[in-house]
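Colleague: Spelled out from the first residue to the last, the chains are:
Protein chains: 4
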Amino acid sequence: MVVVMAPEATESDIQNVVTLVETAGGEAFVSRGVNRTIVGLVGDSTRFGTLNLRGQRGVGDVIRITAPYKLVSRENHPERTVVHVGGVPIGPGTMTLIAGPCAVETPDQTLQAALMAQRSGATLLRGGAYKPRTSPYAFQGLGAAGLKILADVRAETGMPVVTEVVDARDVELVAQYADMLQIGTRNTQNFALLQAAGEAGKPVMLKRGMSGTIEEWLMSAEYIAQRGNLDIVLCERGIRTFEKATRNTLDISAVPVAQRLSHLPVIVDPSHSGGRRDLVLPLTAAAIAVGADGVIIDVHPHPESALCDGPQALVDTDLEELAALVRTLPQAVGRALTEVVAV
Amino acid sequence: MVVVMAPEATESDIQNVVTLVETAGGEAFVSRGVNRTIVGLVGDSTRFGTLNLRGQRGVGDVIRITAPYKLVSRENHPERTVVHVGGVPIGPGTMTLIAGPCAVETPDQTLQAALMAQRSGATLLRGGAYKPRTSPYAFQGLGAAGLKILADVRAETGMPVVTEVVDARDVELVAQYADMLQIGTRNTQNFALLQAAGEAGKPVMLKRGMSGTIEEWLMSAEYIAQRGNLDIVLCERGIRTFEKATRNTLDISAVPVAQRLSHLPVIVDPSHSGGRRDLVLPLTAAAIAVGADGVIIDVHPHPESALCDGPQALVDTDLEELAALVRTLPQAVGRALTEVVAV
Amino acid sequence: MVVVMAPEATESDIQNVVTLVETAGGEAFVSRGVNRTIVGLVGDSTRFGTLNLRGQRGVGDVIRITAPYKLVSRENHPERTVVHVGGVPIGPGTMTLIAGPCAVETPDQTLQAALMAQRSGATLLRGGAYKPRTSPYAFQGLGAAGLKILADVRAETGMPVVTEVVDARDVELVAQYADMLQIGTRNTQNFALLQAAGEAGKPVMLKRGMSGTIEEWLMSAEYIAQRGNLDIVLCERGIRTFEKATRNTLDISAVPVAQRLSHLPVIVDPSHSGGRRDLVLPLTAAAIAVGADGVIIDVHPHPESALCDGPQALVDTDLEELAALVRTLPQAVGRALTEVVAV
Amino acid sequence: MVVVMAPEATESDIQNVVTLVETAGGEAFVSRGVNRTIVGLVGDSTRFGTLNLRGQRGVGDVIRITAPYKLVSRENHPERTVVHVGGVPIGPGTMTLIAGPCAVETPDQTLQAALMAQRSGATLLRGGAYKPRTSPYAFQGLGAAGLKILADVRAETGMPVVTEVVDARDVELVAQYADMLQIGTRNTQNFALLQAAGEAGKPVMLKRGMSGTIEEWLMSAEYIAQRGNLDIVLCERGIRTFEKATRNTLDISAVPVAQRLSHLPVIVDPSHSGGRRDLVLPLTAAAIAVGADGVIIDVHPHPESALCDGPQALVDTDLEELAALVRTLPQAVGRALTEVVAV
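Residue numbers (full-length UniProt numbering), protein chains in the order written: chain H, 1 to 343; chain Y, 1 to 343; chain A, 1 to 343; chain U, 1 to 343.
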């Protein structure tokens, strides 16, 4: 950490900082410039965090040098992690396709979507039983009934299930059905939910907050990790910007940046990023090329009657192109599509 | 609602939209332009919402004309609402000062902060017992013990208490102590929490999401209202932008905009917007002048040892200036400071 | 400046940085931490700027401690500046109202608008002869003919003129007519124009870029100052964010922040910030209360036939309220409306 | 166009809008809803643009349905355009690599960088003689001397030259040397420069404004096109967002979106987007996969002594990987690297 003293800081203000740091067991190196004095801090930065250095007299700024997360940091864990979801690996070397309906509506719709997904090369099934919706008047998901449908479709297709949980009180129930819990973009800083998910004994897919920095995203992952669960998959799903041509702005750079900062796998959601069916395939290609460890895609047998996000779902006629893309592009960039594996 | 057909839409695509609308009990007016055809929808827009018009063949865009919220809308409730918190009014005609420590740390610190607040003109006490923190390693609040401290300080000072709730499972407990529940910026779209707060029988202060639009903010208020609680106070607390000179960018225009769209009172948090003590008073003045129904301010007897957000808390020497401001400026713009009232 | 070495930096990488700094006449203080080494630089930061420290092997980050601008910095010039425009002061202690039509359309429209402005308390006339428009098919202004109209209206009303220049080739001509040159938000980093304006011998009003940081805005002012012109008025006019309820998001905090960083006066444009007539008065009140040295407002005698930005112009019936506001609110916050002064 | 009347609009307000539209030669279709009336406009939208509909009494909102640009629109020109730069094609079917130094510093540095670029597969040379810099104290480019160096290197390598122009007064001179003029992100709405470039008789590469919407970008292209020049290459170079881990946020979706809206080729600048050398190759891969018609990359023989943007330049050891990428990935997605062609 570096403490930058204000121009008007006195010698005693500087000494106060030095004393605080030393009392906390650290070392303080003072560099006196013409206009400003800076104090370099050496030692355990967690302890410095409790000193409220920014609130001290004469302190202009405090600059953190090291990352505030530890368990998910690649600095402390250089090898990249592979997370296994019902036996399906997500991580370096492979490209895993997760697909399914945005929302579970009926047994038939879910099964049809799962079969579409499987034909395209998907090895994991996505599908929402609990839907966080901006409007209280919109379809909120089937709840527990939706979870049962997902379990039935898993039994029929052999695809492990990824499904969202939106309330800490539901974590236990959802974890009984899901192979991986999904935390959505509106809940990325719902810390109670993160902690509950961290204790549920299942892998967790953590979407980036729509206005969350990469650092905040990793801090949210740290909340999960701190409860003893390091089976976390990060999912970039677009951030909120001034541009309205797309629903969100896919931050494609976030994939390599997060992979350098963290050992966790990073996947991309091209459906919710663009919010437009015609962008799903190009963005999937971009995600694979940039190095994403997987993609998660909405498919729907009848998007014109979908209860949620129909306009972004791939339909039957898109699937051949998707299948070709995920079977050829990963190889062109040195990886392989994750194929069905024995659980 | 207006449906804009894509340039390549066929006559049968147009007819499909018309039929869907009519089946839902609405009327559809078709205007055929040179390049595009538009269909104007007349009728109950809630019903149209379930038609998935955007997912139909040949539909280019669907433009909503009316607001998606109802209960909190001013269109349906032209008179602005006054919310009473333990007897203290927030709403048109007055300017209510809410102040106190960001986090409850000790009985003495909380009492000292409350007395500072009261001397400045505050009639409501703020203070957090549950703190949502970006880092799992940061101070998370005293929890239930903090609530008891707040209740003791209320007994001693007579100030009703505003305090945050971050988990739906805690709502019942917090509502036993609080005079107004606070929902923070990270939970603005935590719908389970909004619904629980809507059922708790206490007024709710709803902060705007740090990247939430004004419309989304009102939709979140609608979630609370839908559970039967219209005692909602909206709080603008700065949005996330590219500018890093301030912690957030106070969207001062949001105050009059929200007041025109909704009948609910709108207050401003100048402490968390700027994140800098030297900006609290100028931003408080701006908030009063723009027409805010109140302001909520951090004060701390010893900010250099604060466990949370010390750098933005007002200190003893600022209070005289704050007191002068809140006693003169509201009058200059046609309102009056809310004075202590019998509960 | 502080150089943060990467975790993998070698001793020779550190030594390379130290040598570079010392060769440039500076001193380098090395603090070796557990994970990272930091090097504090003391000396002339302008020289360090040419060392390309960020490009050296083993360097993780370079953190600037001092502001990159000098001439406009308050650190080097603590007293706030008063800029005189045709004899009318803008700066501390006063609140100057600048008003007039967005675009000069006809002699009569301009004169009527000027008289409206004057009745409201304005002492400076705004009006555009050159209009930067997003569309090549929109009205681009009257050009030189518009300048002559402005000069005629000045002669008739005694109001000095503020008008925009959009092309370095026009600066000389515009400076013959204008009392203050205006640089618009799309040209804030048009450095050729900034330099030409800096040499024109007239005060310059510099709008903030719609996505410019406060630091970049001050750097643009530095471009003007570097050509020998310190008569610069900064104008906050809203920034681009995700919120679409207003045309731009007025960054009201930018006023006190810029006033602390720079000695230059800072004014606010409430018309272009909100882009809505109903927000002009509330935002004007906020600007005055936060401490702005002036406001610049669109007025139009017949906004329904305005060729540019009609929906945001104040009309006759608003003027009484504006006049009351600018005559009472500045006093309530310790300043006075700038009254007409002898030129 | 659709005019949405305000809830309080009277019958005479509606009639006024209808009359205005009809007088301008259009047709107006009125749909009366429960809360709102909408008026659908059919006819020449350019004429409607001058009616100031938004400024009329009782008008709540005016919604544009068709794009405001014409010449660059794909709706009017469905086939995608190939732009030839000194004989090198940029457009559908190929992937063109443009590379070279950010700034021209010396003849030797420029030649070395060009040879590096050529070895990697580049067929066009980039290099700046005029540099727009945020700070007036930073290196501003060699100017005319730099142009001569570029011409010499072109003679030696056969690579046509792409170089930036920042001032309308320099367009004629730059056009004598350049094979394609570059307009930078800070000048995307410098309309005088756009018009001058449109008249220079050379292809123009137009970067997206760092806070420009895709629509504004296309409107800026329309300014160039309107002067008779349709040889325009659009360049996505990252937008400004809240995320600071990268210099800008590469909006990868903008490539397919712009290609659907416009017939012009769209390329990507992965160097300036990320601002980090370690991101250049992943972002190049993403750009190729998403369908970009080319990429433009900074290379430098000695980035540690570069006068501009050294930290983002590729160096010798990166080139083999770049060469492999541009020779294999385009084929995997159905395109081919543009090879050297006879001029």
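Because the hints were derived from the structure by calculation, they are not lab data. Hints are not guaranteed to be accurate.
Identical copies look the same in the list; a pair holds intra-copy or inter-copy alike.
Said to hold, decoys possible - Calculated cross-link-like contacts (lysine to aspartate or glutamate; reagent style EDC-like; alpha-carbon spacing at most 16 Å):
1) 148 - 44
2) 244 - 216
3) 70 - 44
4) 148 - 172
5) 148 - 170
6) 70 - 320
7) 244 - 318
8) 148 - 316
9) 244 - 215
10) 148 - 8
11) 244 - 61
12) 202 - 316
Here the structure is a predicted model, which means the values were calculated and not measured.
Colleague: What are the numbers of the hints the structure violates, in ascending order?
Modeller: 1, 6, 7, 8, 10 and 12
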